[in-house]
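Participant: Line by line, the protein sequences are chains A and B.
So the first sequence is numbered by the numbering used here: it starts at 422 and just counts up by one.
So the second sequence is numbered by the numbering used here: it starts at 3 and just counts up by one.
Where hints are given, some of them may not hold.
[As the list claims (entries may be wrong)] Below, computed lysine-lysine pairings styled on DSBU-like, alpha-carbon distance capped at 35 angstroms:
| # | chain 1 | residue 1 | chain 2 | residue 2 |
| --- | --- | --- | --- | --- |
| 1 | B | 138 | A | 499 |
| 2 | B | 128 | B | 112 |
| 3 | A | 511 | B | 74 |
| 4 | B | 138 | B | 128 |
| 5 | B | 74 | B | 20 |
| 6 | B | 150 | B | 112 |
| 7 | B | 112 | B | 20 |
| 8 | B | 152 | B | 128 |
| 9 | B | 138 | B | 112 |
| 10 | B | 152 | A | 499 |
| 11 | B | 152 | B | 138 |
| 12 | B | 74 | A | 642 |
| 13 | B | 150 | A | 511 |
| 14 | A | 642 | B | 128 |
| 15 | B | 20 | B | 138 |
| 16 | B | 152 | B | 108 |
| 17 | B | 108 | B | 20 |
| 18 | B | 112 | B | 74 |
| 19 | B | 152 | B | 112 |
| 20 | B | 74 | B | 150 |
| 21 | B | 108 | B | 74 |
| 22 | A | 642 | B | 108 |
| 23 | A | 511 | B | 112 |
| 24 | B | 128 | B | 108 |
| 25 | B | 128 | A | 511 |
| 26 | B | 20 | B | 128 |
| 27 | B | 150 | A | 642 |
| 28 | B | 20 | A | 511 |
| 29 | B | 150 | B | 138 |
| 30 | A | 499 | A | 511 |
FYI, nobody ran anything at the bench for these hints, they're computed from the structure.
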Amino acid sequence: MIQSIFITPLLNMLLFIGQYTIMVTRVFKMIVTGRFRWSQLTPHLYEIGVRSIALVCLTGLAIGMVLSAQSFFQLSDKGLTGATGIMVAKSMLVEIGPVLTSFMITGRVGAAICAELGSMRVTEQVDAMFSMGVHPYEYLVAPRYVSMALMIPVLTIIASACGIFGGWFVASNLYGMHSQIFFAPIALHVSWYDIIANILKSLVFGFLIVSIACFYGLNAKGGAAGVGRATTSSVVTTYVSILAFNFLLTIFLNALYWYIFGFN
Amino acid sequence: MITIRNLWKTYDSTPVLKGINFIVPPSSITIILGRSGVGKSVLLKQIAGIEQPDQGSIEIENIDLCSLSEHKRRQYTAQIGMLFQGSALFDSMTIQENIAFAMTEKSQAKIDEALENVGLIGFNNKYPAELSGGQKRRAAIARLVAYKPKILLFDEPTTGLDPITAQQIISLIQETQRSLQATALIVTHDLVLAEQIGEYFALHDEGIIQISGNRQDFFNSNHPLVQAFISGRSVP
């Protein structure tokens, strides 16, 4: 009873973490030594980056518009509508932009990576690759890590910019706010630190998306149903990991800010 | 020559290989017969280096693959080519790209030659999903031959094919082995295939090689499992 409730799941979790860590370490080693298929970068850059632009633009725009409408509404009876711009910008840059972009990329790219690799695993294509002297990490995994690392900060910046634009559009066109009132506090209060936080968070989330998707995909078993299970587990694990790491990164970045610039 | 000694492999506490001892003679075709699900494919995956055995040794040219580092092991296993049961062609690539994948020196002439050898001229730009089962198997053989391995492993090469297509695949296997002067190991439960091209035989059951020998010794054996397998009776 105790074994089935506590010990077995704990052992399975430790096994999962161990295998995941081994995979990530080996892939990083391949990337650092340049021992992977560079020719695979272009298609993955296109798939992860270019083909996701429309989605992240739309998402950023929609969230920015809602944030602006809600901020204006909530702040109007307190006479603080001038803070609408800075609320939208700060929220989009340090929190909502990275998290939401990562969620969208998990659904569009992470799930696809897991399903593709899972399908290759259960139809022995991964074994065939290995038998031909090509390590699947070199060909299938490492190029995806590099492509994600290059594209996700760009996508997050684009989503954040679209969010700010959407916020301005609603504030100025719907509520008649002067553009200067919307943008002036942004120029004053948004610092490089916010942009660095945005990029750092997106890099961590991108790593979680691609590493978890590849891990679940390459360990899929049990035919089409197994691939489906692996994809679902991959997406759920990624979402939970992003939320957990977002909290930890926020605490860390705040503490770092206070350490560098002092507590105000 | 491939020498396998005391090979063990366990999945989730279930032993599949329980101390396999077996020798595959060089430049010949060896058949491992056995019922479905006894672990014949698992044995091939250990030899191809796709999986690591729990215990035992696999020696190729007197080098124990199991004692080598992964990097060195891959240098040796690169001379092994394996035909998978489901062909295992890469879905996202055309047939031409599949063949070129493993080539060290890629050239259109070599790709065309490989396709011609298996009777798939003009299939260069087709995707695996557009091919029939027999065509996929032939394309997989073309990919296998393209990098000229010294050891050929075939996992149930005729399973799921009609008798005519199966016969074509059998001929292709024979031609490939002869042209490459390779050591071929075929696992199958297809007696037609086995009797037609096998030179040496082994029977795999209960996780071990029950009996092995040349054609005459094997088919004349009084071993009850061999007799049961040949006659299609249930094992006594």
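Participant: Now tell me, hint by hint, if it's right for this structure.
Facilitator: Each hint tested on the structure:
1. B/138 <-> A/499: Outside the cut-off at roughly 71 angstroms; violated.
2. B/128 <-> B/112: holds (17 angstroms)
3. A/511 <-> B/74: This hinted pair is violated, its Cα atoms lying about 53 angstroms apart.
4. B/138 <-> B/128: holds (11 angstroms)
5. B/74 <-> B/20: holds (26 angstroms)
6. B/150 <-> B/112: The hint holds at about 12 angstroms.
7. B/112 <-> B/20: violated (42 angstroms)
8. B/152 <-> B/128: holds (28 angstroms)
9. B/138 <-> B/112: holds (19 angstroms)
10. B/152 <-> A/499: violated (81 angstroms)
11. B/152 <-> B/138: Judged against 35 angstroms, a Cα distance of about 22 angstroms means the pair holds.
12. B/74 <-> A/642: holds (28 angstroms)
13. B/150 <-> A/511: Given that 35 angstroms is the threshold and the Cα spacing comes to 60 angstroms, the pair is violated.
14. A/642 <-> B/128: holds (28 angstroms)
15. B/20 <-> B/138: Holds, at about 33 angstroms.
16. B/152 <-> B/108: holds (19 angstroms)
17. B/108 <-> B/20: violated (42 angstroms)
18. B/112 <-> B/74: It holds: about 28 angstroms lies between the C-alpha atoms, which stays within 35 angstroms.
19. B/152 <-> B/112: holds (18 angstroms)
20. B/74 <-> B/150: It holds: about 19 angstroms lies between the C-alpha atoms, which stays within 35 angstroms.
21. B/108 <-> B/74: holds (24 angstroms)
22. A/642 <-> B/108: holds (33 angstroms)
23. A/511 <-> B/112: violated (59 angstroms)
24. B/128 <-> B/108: Given pair residue 128 of chain B, residue 108 of chain B holds - Cα atoms ~18 angstroms apart, limit 35 angstroms.
25. B/128 <-> A/511: violated (51 angstroms)
26. B/20 <-> B/128: violated (43 angstroms)
27. B/150 <-> A/642: holds (31 angstroms)
28. B/20 <-> A/511: Distance ~63 angstroms between residue 20 of chain B and residue 511 of chain A Cα, so the pair is violated.
29. B/150 <-> B/138: It holds: about 19 angstroms lies between the C-alpha atoms, which stays within 35 angstroms.
30. A/499 <-> A/511: holds (20 angstroms)
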